[in-house]
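**Q** All chains, please: the whole structure from these sequences, using the hints.
Sequences listed follow chains A and B, in order.
To convert, take the position in the first sequence, counting from 1, and add 167; that gives my numbering.
To convert, take the position in the second sequence, counting from 1, and add 167; that gives my numbering.
No lab work stands behind these hints, which were simulated from the structure alone.
Among these hints, one or two may not hold up.
A pair counts as met if it fits within one copy or between any two copies, since identical chains are not told apart.
To be verified - In silico DMTMM-like cross-links for lysine to aspartate or glutamate, where the CA-CA straight-line distance does not exceed 25 Å:
{"id": "1", "residue 1": "Lys-467", "residue 2": "Asp-439"}
{"id": "2", "residue 1": "Lys-486", "residue 2": "Asp-439"}
{"id": "3", "residue 1": "Lys-467", "residue 2": "Glu-390"}
{"id": "4", "residue 1": "Lys-486", "residue 2": "Asp-526"}
{"id": "5", "residue 1": "Lys-585", "residue 2": "Asp-291"}
{"id": "6", "residue 1": "Lys-585", "residue 2": "Asp-439"}
{"id": "7", "residue 1": "Lys-585", "residue 2": "Glu-487"}
{"id": "8", "residue 1": "Lys-486", "residue 2": "Glu-580"}
Number of protein chains: 2
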Amino acid sequence: MSDADVPAAADDHYIVVSADGHAGLACDDYRPYLESRFHPAFDEYVAERDAHRAESLEMNFEYIMGWEKDNEEGLKGAFDPAVRDKELDADGVAADVLFADADAVTGAASPPFGAGLFAGAIVDPDQAFAGAHAHNRFLAEMCSHSPHRRGGIALVPITHDIARAVAEIEWVAAQPGIRGIMIPTMWRDHTPYNDASYDPVWAACAEAGLPVHTHSGEAPMEEYGEHIGAYLAEVVWWTVRPAWHLLFGGAFERFPDLKFVVTEAAAYWAPDMMWKWDQYMGGGHTTKKMAALLQGKISKLPSDYFGTNIFIGASTMSKEEIRRRYVIGTDVVMWGTDYPHPEGTWPQTAAKLRADFADVPVDDTADLLGLTAARVYGFDLDELRPIAARIGPTPASLGQDPTLRADPAVTAEARWWKAEYGVRPPV
Amino acid sequence: MSDADVPAAADDHYIVVSADGHAGLACDDYRPYLESRFHPAFDEYVAERDAHRAESLEMNFEYIMGWEKDNEEGLKGAFDPAVRDKELDADGVAADVLFADADAVTGAASPPFGAGLFAGAIVDPDQAFAGAHAHNRFLAEMCSHSPHRRGGIALVPITHDIARAVAEIEWVAAQPGIRGIMIPTMWRDHTPYNDASYDPVWAACAEAGLPVHTHSGEAPMEEYGEHIGAYLAEVVWWTVRPAWHLLFGGAFERFPDLKFVVTEAAAYWAPDMMWKWDQYMGGGHTTKKMAALLQGKISKLPSDYFGTNIFIGASTMSKEEIRRRYVIGTDVVMWGTDYPHPEGTWPQTAAKLRADFADVPVDDTADLLGLTAARVYGFDLDELRPIAARIGPTPASLGQDPTLRADPAVTAEARWWKAEYGVRPPV
Numbered sequence: 168m169s170d171a172d173v174p175a176a177a178d179d180h181y182i183v184v185s186a187d188g189h190a191g192l193a194c195d196d197y198r199p200y201l202e203s204r205f206h207p208a209f210d211e212y213v214a215e216r217d218a219h220r221a222e223s224l225e226m227n228f229e230y231i232m233g234w235e236k237d238n239e240e241g242l243k244g245a246f247d248p249a250v251r252d253k254e255l256d257a258d259g260v261a262a263d264v265l266f267a268d269a270d271a272v273t274g275a276a277s278p279p280f281g282a283g284l285f286a287g288a289i290v291d292p293d294q295a296f297a298g299a300h301a302h303n304r305f306l307a308e309m310c311s312h313s314p315h316r317r318g319g320i321a322l323v324p325i326t327h328d329i330a331r332a333v334a335e336i337e338w339v340a341a342q343p344g345i346r347g348i349m350i351p352t353m354w355r356d357h358t359p360y361n362d363a364s365y366d367p368v369w370a371a372c373a374e375a376g377l378p379v380h381t382h383s384g385e386a387p388m389e390e391y392g393e394h395i396g397a398y399l400a401e402v403v404w405w406t407v408r409p410a411w412h413l414l415f416g417g418a419f420e421r422f423p424d425l426k427f428v429v430t431e432a433a434a435y436w437a438p439d440m441m442w443k444w445d446q447y448m449g450g451g452h453t454t455k456k457m458a459a460l461l462q463g464k465i466s467k468l469p470s471d472y473f474g475t476n477i478f479i480g481a482s483t484m485s486k487e488e489i490r491r492r493y494v495i496g497t498d499v500v501m502w503g504t505d506y507p508h509p510e511g512t513w514p515q516t517a518a519k520l521r522a523d524f525a526d527v528p529v530d531d532t533a534d535l536l537g538l539t540a541a542r543v544y545g546f547d548l549d550e551l552r553p554i555a556a557r558i559g560p561t562p563a564s565l566g567q568d569p570t571l572r573a574d575p576a577v578t579a580e581a582r583w584w585k586a587e588y589g590v591r592p593p594v
Numbered sequence: 168m169s170d171a172d173v174p175a176a177a178d179d180h181y182i183v184v185s186a187d188g189h190a191g192l193a194c195d196d197y198r199p200y201l202e203s204r205f206h207p208a209f210d211e212y213v214a215e216r217d218a219h220r221a222e223s224l225e226m227n228f229e230y231i232m233g234w235e236k237d238n239e240e241g242l243k244g245a246f247d248p249a250v251r252d253k254e255l256d257a258d259g260v261a262a263d264v265l266f267a268d269a270d271a272v273t274g275a276a277s278p279p280f281g282a283g284l285f286a287g288a289i290v291d292p293d294q295a296f297a298g299a300h301a302h303n304r305f306l307a308e309m310c311s312h313s314p315h316r317r318g319g320i321a322l323v324p325i326t327h328d329i330a331r332a333v334a335e336i337e338w339v340a341a342q343p344g345i346r347g348i349m350i351p352t353m354w355r356d357h358t359p360y361n362d363a364s365y366d367p368v369w370a371a372c373a374e375a376g377l378p379v380h381t382h383s384g385e386a387p388m389e390e391y392g393e394h395i396g397a398y399l400a401e402v403v404w405w406t407v408r409p410a411w412h413l414l415f416g417g418a419f420e421r422f423p424d425l426k427f428v429v430t431e432a433a434a435y436w437a438p439d440m441m442w443k444w445d446q447y448m449g450g451g452h453t454t455k456k457m458a459a460l461l462q463g464k465i466s467k468l469p470s471d472y473f474g475t476n477i478f479i480g481a482s483t484m485s486k487e488e489i490r491r492r493y494v495i496g497t498d499v500v501m502w503g504t505d506y507p508h509p510e511g512t513w514p515q516t517a518a519k520l521r522a523d524f525a526d527v528p529v530d531d532t533a534d535l536l537g538l539t540a541a542r543v544y545g546f547d548l549d550e551l552r553p554i555a556a557r558i559g560p561t562p563a564s565l566g567q568d569p570t571l572r573a574d575p576a577v578t579a580e581a582r583w584w585k586a587e588y589g590v591r592p593p594v
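**A** Listed below in structure tokens is the structure:
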């Protein structure tokens with residue numbers, strides 16, 4: 168991280184880059200972006216979405232109408248770049264990353280055919296790509312306004328057709344402000360992500376500097392019946408799962424520049440995951456019979472891929488995740504407001520930051536709130552600095568001691584298992 | 168826990184109950200236990216197992232032959248009760264719990280058709296039940312010798328046929344020394360475990376006092392290709408998964424006496440899992456939209472089901488899991504030697520206990536090493552006490568300070584999120 172962007176005085180500004188936000192049109196408004204041969208099927212999709220919204224309203228009328236009325240103007244930032252900039256400004260956010268599905272309450276802003284957070288469930292590959300491309304066209308347009316403040320995440324249903332996926336990646340890579348792609352969380356009956364047949368996708372993304380994402384949402388809904396608790400208990404896992412299939416499938420060996428980001432699936436799991444993964448490399452008696460099988464597959468300790476290849480868009484971090492920041496890695500995990508979803512911090516981001524970051528050293532805060540995201544997504548800090556100077560939070564506004572810095576002795580020991588198990592990189 | 172069985176002096180003995188051990192015949196020796204109409208299919212199965220063993224030997228000859236030669240006599244305890252008692256004695260273990268698949272090295276002791284740790288993958292229900300019953304007949308015979316020292320875990324492929332499963336449960340419940348059942352880890356294409364159609368199974372187990380188990384091993388192997396790391400990274404998750412499907416499906420509400428035990432899938436995950444599950448109950452802003460959906464489904468905080476309905480057979484705990492004992496719960500997690508598997512502590516259990524438990528208070532040690540397991544499996548402490556007095560470890564042999572006791576102030580605060588989130592039981 169560049170020390171220049173770590174506040175040195177109480178009134179210096181943080182450059183906040185929100186690593187989780189959403190953009191999208193009301194379903195029906197995707198029509199002009201969608202090839203006309205898909206319009207008849209799209210009519211059915213819109214009708215299904217309308218019915219879903221009506222059902223949501225029936226279950227939860229007061230909450231939904233309250234949310235939509237209280238935030239009527241700000242919610243338009245999902246598709247109106249001027250409104251978005253205004254809302255980002257008010258929230259103290261210099262730039263944000265834009266995933267699909269802007270309406271998390273009634274699902275009324277999903278790309279055609281569910282090509283956003285639920286793309287893995289689409290059966291027809293033509294619909295999967297048509298829906299994704301419709302959203303990507305909208306997104307490119309959205310990001311063409313203030314592209315230095317936008318990190319558009321394009322939709323690419325790689326499970327459905329690898330060659331078409333590569334073509335779509337090449338198209339989105341040329342659009343200003345598009346800074347990553349999202350792939351289906353679940354591969355379902357398609358090829359698992361550990362398989363080398365996806366290499367053209369990883370190659371294209373590494374080459375174009377587009378981080379690959381999963382974002383929470385999809386899970387095997389057909390297995391839960393009425394039991395929403397089972398969904399809640401495992402949705403994070405399904406979202407993170409592709410990370411280790413890429414890692415242990417050797418994708419980061421073959422494409423060292425490939426970045427993979429897990430978004431809105433928390434970060435609390437990272438420490439134990441790194442510990443257990445590192446342990447497979449030969450730390451301790453119980454894994455002896457397994458370690459031999461991993462030799463030659465990866466060249467570093469699994470935890471060493473975090474911060475170079477694997478990153479975490481943790482959205483609104485919990486206090487416990489902030490406390491675990493050194494073991495997770497302040498070069499790994501990124502704050503996000505989840506704007507304009509109600510489970511995020513918008514439009515009260517300033518208050519939430521003050522509540523959770525008052526005791527956090529300023530260098531850690533700078534990394535968590537923006538500098539790590541700027542590095543992952545290639546935001547130009549020269550362009551964001553003046554914006555932050557106008558709207559960004561400061562150590563004073565967060566109630567911080569501006570002289571507090573991370574203790575290198577603490578950060579060095581954070582991944583405790585390295586010493587306890589004596590784990591070593593594979594040979 | 169009964170204070171009477173917590174050592175009060177340096178030379179008092181711990182009652183060790185290993186919550187993870189394995190018993191089984193060499194594959195071909197299951198033949199007399201298997202209905203003869205299955206013998207032709209069984210011939211094929213044995214040939215497949217023999218080929219698998221040959222393949223294992225080819226890959227890892229030196230290690231396998233070394234292990235089998237060094238432990239030739241002791242390995243017979245997998246099926247010979249007199250040898251088993253001798254090995255338990257030498258390891259300081261008063262009683263142990265017996266799962267199938269005694270040969271974890273070459274898989275040459277698997278019940279017919281893979282009805283042990285991989286039962287979920289069996290396609291033909293007749294084979295699944297025939298294989299399970301063959302093992303259960305052997306197990307009943309094994310446990311009829313010194314049943315007070317045995318906790319036989321019968322095989323019941325509940326995914327394949329619920330009525331037959333109930334009949335098998337009723338049969339095994341009548342066998343001395345059988346103290347639980349193991350179900351397939353994965354339901355695959357069958358009905359998920361959150362579904363109420365399994366209620367007759369849960370009812371039968373609750374009624375008979377037989378805890379239901381999953382044991383690590385099964386995972387979607389067909390998705391991993393050559394990438395063993397991906398298997399390692401998720402096998403624990405697949406093993407634990409049924410626990411939350413029972414919990415959030417309401418099984419413990421309908422059957423408050425039902426016990427579910429997750430075995431040899433570690434325990435490190437339990438604290439974060441309890442934290443996140445409790446949080447769904449309304450702790451904090453981000454889960455507001457979800458919490459309402461859980462109201463009425465369960466009557467306690469999810470973490471409160473641990474120690475009454477959910478237990479963990481953690482086998483050889485890591486030092487970190489021992490450090491996390493209060494948040495996991497010393498009334499939840501149980502030590503196990505995994506005898507006669509090489510990834511366990513046998514035949515060096517005494518040394519391992521001394522290395523890992525020297526600093527642990529004696530009351531915690533007593534719970535972790537045996538008293539919790541005795542309670543879960545209904546072992547008669549009056550029968551085990553004289554055995555332990557002959558062979559059990561002591562505070563002195565573990566290098567412990569015999570006056571050290573758990574600090575109630577520390578244990579009370581261990582589940583930190585209850586205060587931080589102010590979580591409350593659902594209404």
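**Q** Tell me the numbers of any earlier hints that the structure contravenes, in ascending order.
**A** Hint check: 5 fails alone, others pass.
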